[in-house]
Structures are given as C-alpha cells and as structure tokens.
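Engineer: Letter by letter, the chains look like this.
2 protein chains.
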Amino acid sequence: MAVSLASTADQSLAAQMDALGRRARDAADQLANAPTAAKNRALLLAAAAIRADTAKILAANRRDLETATGRDMTAAMIDRLTLDGARIEAMAVGLEEVAALPDPVGIVEQVVTRPNGLRIEKVRVPLGVIGIIYESRPNVTADAAALCLKAGNAAILRGGSESAQSSAAILAALATGLEAAGLPTDAIQRVPTQDRAAVGILLTLDKYIDVIIPRGGKSLIQRVASESRIPVLKHLDGICHVYVDKAADIAKARAIILNAKLRRTGVCGAAETLLVDRPVGASHLVPMLNDLIAAGCEIRGDGATQALDTRVRPATAEDWSTEYLAPILSVRLVDGIDEAIAHIATYGSQHTESIVTEDAETAERFLARVDSAIVMHNASTQFADGGEFGMGAEIGISTGKLHARGPVGVAELTSYKYRVRGTGQIRP
Amino acid sequence: MAVSLASTADQSLAAQMDALGRRARDAADQLANAPTAAKNRALLLAAAAIRADTAKILAANRRDLETATGRDMTAAMIDRLTLDGARIEAMAVGLEEVAALPDPVGIVEQVVTRPNGLRIEKVRVPLGVIGIIYESRPNVTADAAALCLKAGNAAILRGGSESAQSSAAILAALATGLEAAGLPTDAIQRVPTQDRAAVGILLTLDKYIDVIIPRGGKSLIQRVASESRIPVLKHLDGICHVYVDKAADIAKARAIILNAKLRRTGVCGAAETLLVDRPVGASHLVPMLNDLIAAGCEIRGDGATQALDTRVRPATAEDWSTEYLAPILSVRLVDGIDEAIAHIATYGSQHTESIVTEDAETAERFLARVDSAIVMHNASTQFADGGEFGMGAEIGISTGKLHARGPVGVAELTSYKYRVRGTGQIRP
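Keeping their order, the protein sequence lines are chains Y and X.
Its first residue numbered -13, the first sequence is counted upward by one per residue in our numbering.
Its first residue numbered -13, the second sequence is counted upward by one per residue in our numbering.
Treat the hints loosely; a few may be bogus.
Treat identical chains as interchangeable: a pair holds within one or across any two.
Claimed, not checked - Simulated crosslink set (DSS-like; lysine-lysine; CA at most 30 Å straight-line):
1) K238 - K108
2) K220 - K42
3) K108 - K193
4) K204 - K42
5) K204 - K108
6) K204 - K193
7) K193 - K220
8) K42 - K232
9) K108 - K232
10) K108 - K220
11) K220 - K232
12) K204 - K220
13) K42 - K238
14) K42 - K193
Because the hints were derived from the structure by calculation, they are not lab data.
Work the whole structure out from these sequences, hints included.
Structural biologist: Here is the structure:
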C-alpha cells in the first residue's frame, strides 16, 4: 500500500510540474511579442507593489527566519535570508533599474540582401522559458524574475526551502505588476512545493523549458549540471588570480591585490590566488603581504613565500584550487608570465584574472593567452560584474563558453532567429 | 579472469581517450593565437594533399565499401559512403572555400570605456576543443575539420565505423597541411578505435572538450544529447512547414511547394508538411496536389485534403511529426494563419517554416509568431543553408536556442571573452 501511495504522490507531483511547465510555455508565447512598454509597466508596478507590501514581506520573512533557527544554517546563510526595509527598498529599486534598461528583443543585428533578392535579417528573440534554481536568498526572486521578464522570457523559480514564505510574498507583488500591465501572471511562477523531487522533475521538462540557470554553491550547480536534460547556463567557481609581473608598478600592485581580495570576500570576482614574479618577491610581495595581513587576511604560501614572511602558513595542493570566499589568499612565486599562465590554466576556473605590469607587451601576452571569461590589465578582479561592465543588472557570471561568457545580463537572456523575406524565390 | 581482462581493456581505452583529449587541448591552446595566414595555409596545403592523395583515398574507400557490403546498409547509406574523383575534388574545393572565409577570431564586437576609465572589449575567441560525432560520410572528416580549424579550434572526429579507412586517409592529407603550415597535427585527430565504448568516454571528457556536435540521424543525436556531460550543439529533426495563406499568389505557391518538397528530399530544409488555408483549398491546393503527384510525390492528407483528390492517402497522427526525407508530403487544410501557427507549434521542430501570402500583415504575423530558427515569407524552405545565407560552409543547422540558432558556420564555432584595460583602477 505504501508503494502505491508513494507512486500516486509521484504521479501527482509529475502532473503538477507538467502543468506548471505548460503554463510557463503559454505565457512565454504571449510575452515573446509583448511591447516593451507593457514589460516596463509591469516592472514599475511590481516595484510599487513590493514597497506597498513591505510589512507583509517582512512578516513572511520573520516566519522563514523562525523556521530556519532550528536548522543547521551558518551565520552567512541567515544573513542572506534576512530581509529588512532597506533590502526590500533595494529590490524595488532593482526592478526600476531593469525597467530602465534597453529592451534587447526585436533588435536586428544583421541584414543581408542576397544576389537572388532574399532579404535575411538576424533578429533578437527571447529564449522562452527559463528555470532558475537558487538558494535561500529572497531577493533573487525579484532580481532574476525581472531580468527574465525584460528579455521577454517566462520564469520558473525554485528557491531554497528556508526562504519559501518570503519568496511567495515577493512573487505576489510581482504578480500584481504583471496583472496590472495586462501580462500573464504565469510569466513568473514558483515551483509550488519544497519537495526535493520537484527539482529532479523540473530538470527533465525540456519540452517546456529552454534553459536552466542555477545560482548558488558548487554542489547545487554540479547537481543541476549533471542531472539536467535542459541546457544549463552555469558558473562554477570563481578562482580568480592576480599576477604581479616583474615590471609591475608597486603602488598599483598593492592597491589592486588589497581590493581584489578584501573589498568583498564573498563575491565570485574576489581574488583567491596571488602569483608574483620571482625577481620582485622581496620588493613587491613583502609590502603586499604586510598590507594584507594588517587588514586581517590569512596567507597560505608556497615555500618561497613562507621564506619572505614568517606569518605565512604553508599552502597545500588543495589551496590552489579552492575558492575561499573568505579573507584567505594563496600566494606563489612564479618564474615569469608563462609560469603564471600555466598555473592559471591548471588551477583556474576561467572566470577572471588580472595582470599588474607596466610592460605593454607582457600585458598583451597575458590578455591573449589566458583563457578566461574576463582578462584584465592593471585593474581589480572585483570589477567582474555586469553593472561595472555597463550592462545593468546581471543574473550571474558564466564561466562556460557556449552562448554567454562573463556577465549574463538582459541581452544574454535572449536568442535570435532569422527572418527571410522573398518574392517567390525557389532554390536552383 | 574475463572480468579482469575487460577491466584492463577498459582502463586502457580510458587512458587512450584521456591522452587524446589532452593532446587536443594542448593543440587548441596553440591554435587560439595562431595567425589567420597559418590557418589558411594549412587549409590550402591540405586541399593540395587531398588532390595528390586521390588514389590512396579511393583505395581506402574501396576497402571500406568491401567491408560494408556484408553489412546491413541501405542504398542511401552506401551512396553517402562512396567516394569518387568528383567527390574528392569537391572536398578539396571545400577546404579552399573555408580558407577564403573571413577569420572570426580576434574581431572586437563591442568596446566601452567606463566612467572610471576602464576600457572593456568583447573579443571573439575560439571555443577550444570540438568533438564531432558523425555517421559514415567520409567528406564530413574534411568539411567539419576545416570549419573547426578556421575558427581556431582543435577537433576530435568520430565517424561511423564503415568509413574508418576513408577517414584515416583523408585525415593523413589534413595532417600534411597542418604540418607544412607549422601548426600542431593534433589540431585534427580521430578517435583511434571503432570500439563503441569510446563514444561514451568521449562524452565525459568535459575537462578537455568544450562542445560536442553530433551530425547524423535522430537516434545518434538523441544518444549524444542524453549521455553527454559536455554541452551539445544539435539539430534534431527538420520538420519544415509551408503555409499557403488565402491571400497567396497561386503561381508562387505552386513553385515554392514543389521546390521546398522535391528539389532535394534528403536535406533537413526540405518541407515535410503543407498547410493550406481552407478558402483556397479548391483553387490553390488542387493544382499543387496535381503538380506534386505528377512529380512523383506521395501525399498523405487529412479528410478535407482527401476529399479534394482521390489519390491522397489518409494521414495518421504520426505523419504530422515525421521527417520523411523522402518524396512524401503530409497535407492539411487549416482555418487561417492562427491554426497554422498552432499546428507548427505542436508538431514542428523549430527548424524552418515559410508562409506564402501577398498580405503583408499576415506575413509579419507569421514571421513574429512562429518560433523557429528560420521563418520565411514567399521563399522555399530549401534556402535553409549556411551557403545560401552568405556565411559560406556550415556544419549544420541548430534547432536549439542557446549559443547558435540556424546555420552554424565559422563564426558560430567561436566564443568571446572580455579584455579589460586599466591604469590601476580599484572598485570602490
């Protein structure tokens, strides 16, 4: 009997998920040709609804926090889950900023008229239905949904169970905006259950969902990438490197590594490894270590680095491929740029790497040879961010090479199609 | 003992495949910054080597054909496997045409200078290592490898076992070209065994291979898509539709459907279903059926189509989602453009669809609402081809929406990265 009950429950969950997917697909078909003005109106009205619903959202968040207290959550997780008036206002402002971005849909990127008279246009269209799987950060509910909507996509959101009540309250405000703008409320849906099996089913709905975007820790992203039958836009680790060349300006090097490591340690563009050209170990690395340690950073170094400062702990093999997301930095002396490039190729995650040097030729070699989404010269890796790149909000930084690489903003949430206009042409 | 032997063989195959992947990755690193002139020189010298090796390639092909005779192969498969002087010359010309294409690598697509002085460039780079899995068509060995090389990628080729000898002989000619141009011969490699397990291993080598492109029948592509841990650029079926609207010019409609269905029936851009607006069933569909049947096409129609011509056989439910790749056409009368669009959304494969009409507004509605890689007005679906689009050779037509949609040419075999040039900027 138990088997039969479980099986009925499974069928019911599968049916529920199928219906969710179908509604999203129908909404996407409507959104694909929705005017920019309607999408922007929905975003602005959703921002207003979020402000008006502040008390409701805070109450829902308190219920989430009460439930979470009994669970095994770190202080950082609790912090990400917690909303206050300022964070809710930031969500509303975020929606308004997305409304102000240019609409990528309908942009004709190329036009060619062929000798036979066919006129062929390459035009931006929405991707369709986007599934977003994230951890317990309620603000992602608003941020991700806004980017999807602006690009004409329907979104299916699956946030962490700890933020379920907060997300539901935020979604209600978004629905208010959609409805008032005459757009289908199914354009933004949440997976209606916290049953973990629902994620597994979601990842098989390739007949409705065009792309899955996981946002969160490495284990979440790896699970999604290995289970999904739907293409995944992912970023795995951000193991970002700063390489200080023998021709580096010492003031720039000191400022850049301090900022790249410590401005915010929890972002994916934070530096995790510092590589220093051996000839400037004493002149450049020693003051950098002093700066970093004075600012509270733990240093794990190779033998040569340990020899320069007794406060340096030994780095293990694992350190070179670890994204600390914390005030810890691995440090190694290398024999010139080519060893730095080889180290990055071996241990890096193809996210963001920066060289500090005054030698233009060395800089160009680094920019050309390092195979990362973002390569920088004389700049902090913490600039790896859609906003800093001028694209407005982003949904993440892709370290894959297909479709989108680097910051994924509104434009990267679109595809294209070819429109061919003829006058009766047939192919010889 | 048998188990232990099998296990040793498995390990040896795994080690062999790993070494293959590593060599491809190393070659890709070298190719990424190879000058355009070197890549073109390799292609031109490979073309010369193919011509010089004609006798050797034909002898290898005869050995393949002798082996194939004992196997269960259709006449079409034998035809695709068979080489002659003209087909070898066409391969050589194909390599020369790819050499003449513009090099996409290094093109700066966007430049922005931020208020803080950072100069951010979006620049085209190769994808890296491309795995190509195809059936027994020896010419694909040259065609696919040439496109990969031009875009700066290393290629790992896995053709059907029936064409193994031919492919090896063609690969030897390509290697001659690479070597003479000073490029690594590992830039184009074949999987060195016909062991089917090798494909399974290939699809797990995500640490070396950036993208897998399957070329072949539906079952091959579905196997690859479901097994691969590496992103796949695929096209599944080309179930292409022609919709003849009530405002269609009858002469255009007759010429277009005849060409779209019968010019070549084995290409993915061939029409498989004709939808006709009910009011012009008698005036337009009847003469179209006469044309098609006179030209040897079998018609499978719905009830209304059968009522118009006794030679029409009944269409089953399966017919609407079948890619015949043969002189067979399914035909249905519909109530206007919206029913046509709904039919295409239900049964189509998002490849190529064409509307025949003189009504500009109806045409625009079709172009906007049909969610396919290529949407056409008053043109034959057989124009769905990279060459006809002006991109030169193509590796296939993608029906996915991520990365590349429609014809996949040299430009679509690249990715991009961001180059950021600063003067010491740190993020506030």
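Engineer: Check the structure against each numbered hint from earlier and tell me which ones fail, lowest number first.
Structural biologist: Per hint list: 2, 4, 8, 11, 13 and 14 violated.
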